[in-house]
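Residue numbers (our numbering): 5 to 106.
Treat the hints as calculated values from the structure; they're not laboratory data. The beta-carbon is built from N, C-alpha and C at its ideal position, and this holds for glycine as well. Just so you know, not all the hints are guaranteed correct.
[Claimed, not checked] Simulated restraints, written as ranges between beta carbons of each label pair:
1. 63 with 15: 31 to 37 Å
2. 26 with 48: 32 to 38 Å
3. 98 with 18: 15 to 21 Å
4. 8 with 95: 20 to 26 Å
5. 104 with 22: 38 to 44 Å
6. 33 with 53: 24 to 30 Å
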Amino acid sequence: MLIAVILALAAGTYGFRVAGVLLRDRLDLPEWARHLLPVGAATLLAALAATAALTEAGGFAGYARPAGVLVGLLLAWRRAPFVLVVVAAAATTAVLRLLGVA
Numbered sequence: 005m006l007i008a009v010i011l012a013l014a015a016g017t018y019g020f021r022v023a024g025v026l027l028r029d030r031l032d033l034p035e036w037a038r039h040l041l042p043v044g045a046a047t048l049l050a051a052l053a054a055t056a057a058l059t060e061a062g063g064f065a066g067y068a069r070p071a072g073v074l075v076g077l078l079l080a081w082r083r084a085p086f087v088l089v090v091v092a093a094a095a096t097t098a099v100l101r102l103l104g105v106a
């Protein structure tokens, strides 16, 4: 069952990508819509990241995970090396959980 779901999602993803390539010249978007598409993509990505950072099993994930994400964001903003960003975020979350912060 799980394999069938994965294959169906993969086929749907591939279909959307192929449709985008095939319909590029046939679909004429207004200029304002072309400017909003990248903003929409960034908004969806930010919403996905916020959901993953703040929730777990339908409820609030606690304070340790968002604190780790915040540390990672600050280091990424300061252009720290990627490995340092990931390790610092994970270490922050782990230390806070070790100290008993939910």
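Here is how each hint holds up against the structure:
no.: 1; hint: 63 with 15: 31 to 37 Å; in the structure: holds, 33 Å
no.: 2; hint: 26 with 48: 32 to 38 Å; in the structure: violated, 23 Å
no.: 3; hint: 98 with 18: 15 to 21 Å; in the structure: violated, 38 Å
no.: 4; hint: 8 with 95: 20 to 26 Å; in the structure: violated, 39 Å
no.: 5; hint: 104 with 22: 38 to 44 Å; in the structure: violated, 51 Å
no.: 6; hint: 33 with 53: 24 to 30 Å; in the structure: holds, 27 Å
Comparing the model with each numbered hint stated earlier shows that hints 2, 3, 4, 5 do not hold.
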